[in-house]
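Take the sequences, apply the hints, and build the full model.
Sequential numbering of the sequence shown, starting at 116, is according to the numbering used here.
Hints were generated in silico from the structure; no laboratory data involved.
All values derive from a computational prediction rather than experimental measurement.
Certain hints may be false.
To be verified - Across the chosen pairs, the derived CB separations fall in these ranges: (1) F149 x F346: 42 to 48 angstroms; (2) Q160 x L350: 25 to 31 angstroms; (3) L350 x E211: 53 to 59 angstroms.
Even glycine gets a Cβ: it sits at the ideal position worked out from N, Cα and C.
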Amino acid sequence: MGIPILSDIFSGLGVFFKTKRFVSYVTIFVATTFMGLFVSWLMTQFVGTPTEVLLVNFFAYIGATGTIYFMIGTILTGLGLDKLWIKRRGRGKWNEMIGVSWFAISFAISVFMSMLVGKGVLIFFAMFCWVGWIAFQAYLSSRTSLRIATIAEPKKGGWGIAIGSFIILVIGLVIIAAEAIFALVLLPGNYFGLGDSVVAMFPQALANITLHWPYLLLAFGLLGLFGVISFFAYLKFAKKGAALNVALLTVFIALYSGYFLFNVIRRVDAFGMTPVDIGMSLFFLAYAMSGIGRTVTEAVEESRSRLRDLGPLLTFFLASGFFFVDSIISVSTAAPSAILAGWFETDLIANPAAAFIFRDIAKLIAFPLVAIFTSLYYLRVQRVDRIIDRAKEEGETFEAGEVDEEIAERAPASGESWQSERAEGIPEGKPGHDLSGEEPGRLSVDRKTSRFKPGKRLGDDEEEED
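Have a look at this one:
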């Protein structure tokens, strides 16, 4: 028997290897991103040599090409112009030619952008992806924690859920409060000798706290606001599954924030990528891909449509831009005299310590901010929609007082059935009367044999081979 969370991650990742299009996306992302990461490391070894100039140009064009490629795909699929992109039912070689053509166009755009408007535009473009990727991580993490209890949210609930959710909520709030008191009061004031103890382990701890004091105040202010919203949300849904969702989200955000705060404190030098940093970056990437994969699967199963490319393309677009900028920051902090370090002209990035730590500060601010909006959207819209959809699918109705007002307003009165369950004018027992029944299996024509065969579903190879 597998672990549910790990099973969900692997099943979501599996979607990216079920069609040739998705495999090509993964290949392009891995090739451009990790080639850029490797070249960025080489640049630190050849600072001040002619080889560095070649490496910088190679890094700029290859790294930007992958990001531009996924940006074009995201825009075209987002606007519904799928015919201009790699087709889902196109012939194999023709699709390959289209993919190669768009990649060549992306490379040309990166070259002309750097020649005509300078590398600053590439940096601004990639920074947009960098910030977007951090927010995207926060959104996926918040959504996943909210979905854990939503899967089987009880309608009535009870004191068991109320007490259990309250205990979990208190744990999350205590963790947030402890982090704030430690970072803003105990550590800077050296109360109980904590400042000396921490500095003995992490020499840059106090300097890092002082350097980013305003950002820490903003981050913990948002965490406090998130905690207040979670507490009042619990009071409203104390005996319902939503209380458990909110409590779990509070604990998750508290733990995430603790990890980011630890990173801010522990940085000893400008460049200190450890196996933990690399592992967490790869985990978040796999986590994001699995979340998008599950979303794609649900959309296909619910709408009976074929795989859509927008989610995967958006994921790779933001992730490639994030790693592109991340590499620039790492090189700039490891070798301040490198050519790449001159691409940043702001005082914040010019400061090696600030440049490296800012990534953790950004996440410490982004996660509670995104969690606030995600939580409110879940409580006001998503939770109600899911309970209503599940009730329609199962043909269940609610008794008076069984559910809260938001659900009761959209549900039929006691004793009445859902309007979408029965077709008007068709007697019971006749075809078409029960609209909530399973849809009959689709048939499609095999053009090679002129015979009917079952329609393709998620995971079937959609591209025809020559």
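Structure-based check of each hint:
In this structure, F149 and F346 meet the distance hint of 42 to 48 angstroms, their C-beta atoms being roughly 44 angstroms apart. Distance hint check for Q160 and L350: the Cβ-Cβ separation is about 58 angstroms, which falls outside the suggested range of 25 to 31 angstroms. As the Cβ distance of L350 to E211 is approximately 57 angstroms, the hint placing it in 53 to 59 angstroms holds.
Violated hint: 2 only; the structure is consistent with all others.
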